[in-house]
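S.K.: Those sequence lines, one after another, are chains R and Z. All letters in the first sequence, in the order written, are residues 614 to 1167 by my numbering. All letters in the second sequence, in the order written, are residues -4 to 349 by my numbering.
No wet-lab data here; the hints were simulated from the structure. Watch out, some of these pointers could steer you wrong.
Said to hold, decoys possible - No farther apart than 30 Å at their CA atoms in a straight line, the calculated lysine-lysine pairs in the DSSO-like style are these:
1) R/1080 <-> Z/124
2) R/1084 <-> Z/163
3) Z/163 <-> Z/178
4) R/656 <-> R/674
5) R/912 <-> R/714
6) Z/16 <-> R/998
7) Z/70 <-> R/998
8) R/656 <-> R/675
9) Z/103 <-> R/1080
Stated by the list, open to error - Residues from chain Z shown here face chain R by an in silico Cβ test under 8 Å; the list is partial:
10) 1
11) 2
12) 48
13) 57
14) 68
15) 69
16) 81
17) 84
18) 85
19) 94
20) 99
21) 272
We put the beta carbon where it would ideally sit given N, CA and C, even for glycine.
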Amino acid sequence: MLKSKNTMPFYMDPWFWVKLMVFVIFALFLVWPFSSIIINAFKSNKVDGFTLNNFDKFFNKKYYYGALWNSVAVSVVPTIVAVILGVPMAYLMTRYNVWGKKLWHILAILSLMSPPFLGAYAWIMLFGRAGSVTTFLAKYGITIGTIYGFGGISTVLALKLYPYIYMYTSGAMESIDSSLEECAENLGSDRLRRFVTVTMPVVTPSITAGALVVFMSALADFGTPMLLGGQDFRTLPVLIYNEYLSETGGNGNLASAISIIIVIITLVMLLVQKTWVSRRNYVMSALRPPKEIEVHGFKRFLVTLPVFLISFVSFLPQIVVCASSFQHTNYSSFTGGFTFENYQNLGSRLWSSLANTFTYSLTAMVFIVIIGILMSYAIVRRKGKTGGLLDMLLMAPYVIPGSVLGLCYIVTFNVKPLILTGTATIIIISYIIRKLPYTVRSASAFLMQMDPSVEEASINLGVPPMKTFWKVTARLMLPGVFSGAILSWVTCINELSCSIMLSSGRNNTLTIEAYTNIVRNSVGSGAALSAILTVTSAVILIIALRATKGKISV
Amino acid sequence: MSNAVIIKDAVKKYGDFVALKGVSLDIKEGEFFTLLGPSGCGKTTLLRMIAGFNSIEGGEFYFGDRLINTVPAHKRDIGMVFQNYAIFPHLTVEENVAYGLKARKVPKAEIEPRVREALELVQIAHLAKRKPNELSGGQQQRVALARAFVIEPSVLLMDEPLSNLDAKLRVQMRTVIKKLQRKLGITTIYVTHDQEEALAISDRIAVMRDGVIMQCGTPTEIYAKPENPFVASFIGVSNFLDCNVEADGIVDVQGEMRIQVPVSRNYVGPARLSARPEQLFFAESGMSGEVQFSTFLGDFIEYEVKLDGGQSLIVNEYTKDTTDVHEPGEKVHLSFDPSRISVYEAESEEVITC
Ligand SMILES: Nc1ncnc2c1ncn2[C@@H]1O[C@H](COP(=O)(O)OP(=O)(O)OP(=O)(O)O)[C@@H](O)[C@H]1O
Ligand SMILES: [Mg+2]
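Bound conformation, chain R alone (with noise of 0.2 Å):
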């Protein structure tokens, strides 16, 4: 046949096996483990077969599904109060020459990638029932509430994860054509008005994407509602956690059904709204960005008073932390003073996590970068048939919150044929599954940029396809895998959900050192450990900003 002569057989085709590849890596560490504990969740011990056991108990039980709703309630208000402070933000930084632009904007990308314990622990610090505030406001006989449980949770999530729609809501509002805003100001619209009339409706959108990326962290979130949530308001991750480690026997069967209950509440809200913005896409590039709005005075502190507030806020646990490193302590408490002794004391336990956090998570990135380069290129220009199953497997980790993983993992490899628990490798798999997505979207996103006409150029001139792409098309790609890269090593650094279940305390790392600490209250070593960590973060952060003249999106 004609046909066949023309096109060279599929086995020839490099991509082939690039994408057979990441779905042999997707099928071996998603696909199979999540199947494994769908499986679990409907067996028991009690008996023989498939059972709905596990899913009679937890909707019976109050302590089951009382965390049901307690964690729909700490993932919904977060995500109510992060609108109602990002939005405004956005606003007000892409539209005003607020003072120290440049600065409020690192600080909110330091707080959304700080440790996930973090504002927890800072909160507790301050507020708790020994927090210097507490301890200072009891000395004039003013008590506050109790920041356990529901609403300390929502305010420390919202306060970290403000930032998602922040800065969707910025570059939405950076998109719109400043003519259209100009337009409605000619017919007469005050700006009140305009910004209902115009402006919002162009960046719901952004802002609805924001707000299911804040709802699935705080839905996932482990660290916070562990410290915060005490010994009665427990959320579905913390359940997780606890069922596993409780269950006797180890089968984790209730746990994998709370895993599919999780699972299936992100999948809903994933697709309300992909479902609600696709009906109301606006799509536009502006022409001509906004402009500036130049304020003098008065009105510039106003305009910036909002913002610093936000932003200091957020950030506020980063050097609370940080200081309280500092003081004395006497074993579960601040003492007061300035001290190295909490950094002296950590002795070896400091170097071994460290030298575990950096391994790991480099070793990970080593992964991320070249198959996340392979895999971008893949989805964007060899879409094929297959293309929409890689993109669809992409979401898998934003669906799949970390404590689900980390169970699914221990559930899968505790046995033949392929036993890793325990080991470095299976926390270095679960860092490349969970956190690959950020550099393959980031890769995406510029390559899609990126004129397809340079390659042929390339290859026109003779230089094969395959040897093509490494010298041009990955070489052009590498600031879009920088800036997404750079995410994914961070929030490896900072992962605790997910390798706190895998770690076999041999594999502790930074972040699993600090929160082990911090949960056995020995609070100086915790401290120092929380310290650097966030230090570490966010200099990285700050060099990759530079390094890319803040391009750096999350």
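Following the hints, position chain Z with the ligands against chain R.
M.R.: Same frame as chain R, now just chain Z with the ligands:
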């Protein structure tokens, strides 16, 4: 091996859509050959098939006597100039030009003089060290050109290389390209939708429509003897008149004129006649009408004449041939030289004149 390009019955399909419906071309060695046609007719598609960037759903492509259907793009030894230049943004001008030479493992000592020579040919030797983002559109165009011909390819392909330039630069660059091609003698296939550019630059032109070649010939052949009404209207300006062929090339033009045209075959029946504006002239007798409008354009005057039958024609009269200007409202008669017009069958649109 000769550097002729021979294409036999090329077919291109995008899903169910057939973009090329059996295109055959015979491009001679050293020829400047142009693919001309309206947007979406398949010019880029065909060019990319020659370059090896599109799959081939049917037909055969030869360089000389070598079948290249299955030769991968990087082994075809083709130079290509892309519409948007596709210069490597991370390389300097000279590195861009040297890129193909390095890929061909040309010795280092030879690369440098060849790059310099190429840059001098396109007059940008002074920009050798610059990065592409420091160049103007016209300069980038020259880099793309130098990069393509410096490898001395057997065939040079250009896809609307001038379409991103302003009108003046376009005319200037097309002369550069034409002279360069003459000097190097590379078989060149050039794509454009600008008929004026095609006429100015080409040895031969293939006029395309909807994935089909409508006519292939030298610029003068195509202009003077368009083989179908599409070519007549796409190249230059043509006036069309319904007419009737009675016998042996006797044509009755709407009952107002009877003329004898040279025919290549016998046809009797309804037909369409096309005449260029400069082939129509004012006469004592012929088709009667009224001047609607006149535009003085320097070396000629363009008239719009409305025939009594209601149809409007464009007539050009050279200023050197006449002194009096016809005013709007003036009653006139129009005639033409029967040997210089074309007549097409009304139904099949095939030409019958020769
Ligand atoms: N990748 C593709 N998938 C589907 N259809 C395509 C694809 N590329 C081109 N086509 C279609 O094939 C036809 C020919 O396209 P082509 O790009 O060859 O046109 P062209 O003659 O180069 O036009 P232009 O002058 O606008 O560049 C068009 O109808 C186009 O829509
Ligand atoms: Mg084209």
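S.K.: State for each hint whether it applies.
M.R.: Verification of the supplied hints:
1. R/1080 <-> Z/124: holds (25 Å)
2. R/1084 <-> Z/163: violated (37 Å)
3. Z/163 <-> Z/178: holds (23 Å)
4. R/656 <-> R/674: holds (18 Å)
5. R/912 <-> R/714: holds (15 Å)
6. Z/16 <-> R/998: Roughly 26 Å separates the two Cα atoms, so the pair holds.
7. Z/70 <-> R/998: holds (28 Å)
8. R/656 <-> R/675: This hinted pair holds, its Cα atoms lying about 21 Å apart.
9. Z/103 <-> R/1080: Holds, at roughly 20 Å.
10. 1: violated (16 Å)
11. 2: Nearest chain R Cβ about 14 Å off; hint violated.
12. 48: This interface hint holds because 6 Å falls under the 8 Å limit.
13. 57: violated (14 Å)
14. 68: holds (5 Å)
15. 69: holds (5 Å)
16. 81: Hint on residue 81 of chain Z: holds, closest Cβ of chain R at ~4 Å, below 8 Å.
17. 84: holds (7 Å)
18. 85: Since chain R brings a Cβ to about 6 Å from residue 85 of chain Z, closer than 8 Å, the hint holds.
19. 94: holds (6 Å)
20. 99: Holds, because the Cβ-Cβ distance from residue 99 of chain Z to chain R comes to roughly 6 Å (cut-off 8 Å).
21. 272: At 40 Å from the nearest chain R Cβ, residue 272 of chain Z fails the 8 Å test, so the hint is violated.
Going down the numbered hints, you'll see the structure goes against 2, 10, 11, 13 and 21, while the others check out.
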